[in-house]
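Q: One letter stands for each residue in the lines below.
Number of protein chains: 2
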Amino acid sequence: MKAVVFNKNGLQLVDDYLRPVLKEDEALVRVAVAGICGTDLEILEGYKGFEGVMGHEFCGVIEEINTKDFAKYEDRDNTRLEVGARVVGEINCGCGSCSNCLRGLKSHCLRRTAIGITGRDGCMAKYVALPLENLHPAPDLVSDKEAVFTEPLAAAFEVTEQVHIRPSDRVLVLGDGSLGILSALVLNLTQADVVLVGKYPKKLDVVAAQKVQTLLLEDLLRQKEINEQSFDLVVEATGSLDGFELARRLVRPRGKVVLKSTVAGNNELSLTPLVLDEITVVGSRCGPFAPALRALEKKVIEVKPLISGIYAYDQAFDAFELCRKGTSLKVLLDFC
Amino acid sequence: MKAVVFNKNGLQLVDDYLRPVLKEDEALVRVAVAGICGTDLEILEGYKGFEGVMGHEFCGVIEEINTKDFAKYEDRDNTRLEVGARVVGEINCGCGSCSNCLRGLKSHCLRRTAIGITGRDGCMAKYVALPLENLHPAPDLVSDKEAVFTEPLAAAFEVTEQVHIRPSDRVLVLGDGSLGILSALVLNLTQADVVLVGKYPKKLDVVAAQKVQTLLLEDLLRQKEINEQSFDLVVEATGSLDGFELARRLVRPRGKVVLKSTVAGNNELSLTPLVLDEITVVGSRCGPFAPALRALEKKVIEVKPLISGIYAYDQAFDAFELCRKGTSLKVLLDFC
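Respectively, the protein sequence lines represent chains A and B.
By the count of the working numbering, the first sequence reaches residue 336 at its end, each step adding exactly one.
By the count of the working numbering, the second sequence reaches residue 336 at its end, each step adding exactly one.
Heads up, a few of these hints could be off.
The list cannot tell twin chains apart, which means a pair is met if one copy fits it or any two copies do.
[What the hints assert, rightly or not] Within a straight-line C-alpha distance of at most 20 Å, the following computed DMTMM-like cross-link-like pairs (lysine to aspartate or glutamate) qualify: (1) K126 x E225; (2) K48 x D277; (3) K106 x D232; (4) K199 x E245; (5) K106 x E24; (6) K48 x E278; (7) K325 x E225; (8) K106 x E228; (9) K126 x D169; (10) K106 x D277; (11) K299 x D205; (12) K48 x E74; (13) K304 x E268; (14) K106 x E278; (15) K106 x E268; (16) K2 x E228; (17) K23 x E63; (18) K2 x E218; (19) K23 x D193.
No lab work stands behind these hints, which were simulated from the structure alone.
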């Protein structure tokens with residue numbers, strides 16, 4: 001099968017990659033659309049030492065199911081995962097038996113694999129294999145190109161899953177990449193006083209059109225004194241090492257900083273201000289698919305304006321090239 | 001009056017320091033006993049650039065009150081703050097009008113002073129002045145030498161004030177200084193599975209006698225694989241820069257690290273593991289006096305075994321010298 005593969009020779013288009021062999025309780029999904037994420041770019045830099053098929057954001061159609069127990073995989077709306085169903089998929093696969101899996105924390109399984117990130121081929125291919133329990137039917141009203149946003153949108157919903165946002169809170173989101181933008185859109189649903197800070201006016205326009213307040217980073221820094229220690233919550237989604245220190249300066253005493261950025265390298269910082277101001281720092285990663293799918297179905301969050309480009313499989317290099325430009329948002333690969 | 005003073009000439013005993021002049025709604029307290037805290041040692045190293053009378057832990061007797069509104073200062077048990085009352089005192093004095101004071105966060109007042117730490121003379125003197133709203137009557141069953149522990153014990157209660165400890169949690173406290181020990185004793189009240197880790201067998205014995213499990217740091221590090229990522233909550237009270245990284249390695253995914261140490265200097269660390277494991281870090285400083293006084297009154301926490309030495313005012317240098325030894329716990333200055 002066709003696949004976008006990363007190995008010691010770099011990024012490659014492989015036309016005859018072996019089709020996945022299903023294990024018990026797995027499904028084979030024919031990929032329609034895959035998304036490129038910041039994590040994919042980090043993998044190309046050596047993150048996690050991953051080799052194999054790239055990609056963890058997708059929408060596709062179930063082509064084969066290998067289970068003896070279909071009843072186990074009925075969705076809450078009694079929609080069944082069956083051959084022909086259009087689906088999206090959670091990326092983490094748990095062992096089912098470690099202390100975290102037994103707590104229901106599959107995404108923190110000590111032996112977990114994650115498609116396209118660690119120990120398991122990803123979705124930038126004709127087919128991807130995933131445990132049936134990872135799959136969710138895509139609602140009819142959500143197109144393939146919208147559904148591919150389910151995974152990053154779920155990561156944005158992880159913020160409200162972890163932290164109680166009061167509607168009277170002042171909230172700042174740092175970073176106008178896809179994750180920062182989706183986080184701002186999710187947080188804005190609470191009717192809190194949400195501001196997205198970024199570097200690119202065109203990206204900020206995308207969220208401003210959905211009634212989120214925006215501010216250029218340079219303007220924020222110019223008004224430093226006004227904003228210092230004034231936000232109840234700051235979401236750090238800059239993807240850069242110095243984002244944390246800025247977030248720490250902007251959050252009020254007893255406030256919260258949510259960390260979304262995974263960045264290579266070390267920070268040189270003092271933790272004592274966290275103690276003095278009793279700040280809470282919350283690490284935040286993958287999130288719940290159900291609310292993301294509901295928001296997409298109800299169109300309360302519009303993701304189409306975040307699409308910067310759609311490329312065919314054989315143009316994957318161009319797609320990655322566009323991603324590397326700070327000006328792009330979500331770039332998709334079309335496998336249909 | 002006699003006072004233990006720190007200024008550019010270092011630590012000094014001053015016999016003729018000016019007695020505090022009371023502002024509106026303040027009380028003059030004749031100090032009976034004062035405690036020496038780790039923060040005091042840091043002040044001697046230049047922390048906060050403080051100059052003036054040292055000390056923020058005390059028990060004393062109200063000698064004078066300057067207010068037009070006595071009724072405002074009735075305690076919840078209808079015990080009045082009156083001349084002759086034995087009291088302990090919260091250390092932070094708020095302006096009453098900034099955004100944090102208006103939220104009820106006096107201890108985070110943007111213009112706060114704190115006795116013996118910032119902008120206000122401390123309690124290692126014959127007299128200390130404090131706002132009446134900072135004072136709490138010491139229960140009859142709590143001696144002066146026990147009552148002086150109210151402030152650090154309140155800081156330990158701040159952990160359970162901020163974080164919900166489940167009785168089924170595995171909790172690790174790192175650090176066998178006074179704050180680590182008091183935190184372990186407070187956390188142990190929840191009947192969670194609490195372990196205190198320290199370097200000094202004699203200090204660990206003090207908490208072991210109060211039915212807290214203890215472990216030598218060297219034994220913890222030897223069993224590293226067993227303990228890694230296994231605690232629901234880790235309280236970092238080592239007072240050292242490398243305590244955080246150890247805490248981070250010991251806490252389970254989705255667990256919490258409470259930071260109690262204020263340490264000069266920067267950490268060189270990566271925040272990405274906090275994101276991947278969705279760890280919450282909670283900065284924690286001063287705490288509520290009422291539960292601390294209740295625990296002292298009911299003797300559910302015995303603080304007397306933590307007293308390593310009691311010195312008269314004119315032996316204050318020896319007292320500070322003993323404090324600097326890692327083997328000591330709480331050292332008191334007797335002003336009676």
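Q: Which numbered hints are broken by the structure, listed smallest first?
A: 1, 7, 9, 12, 13, 15, 16, 18 and 19
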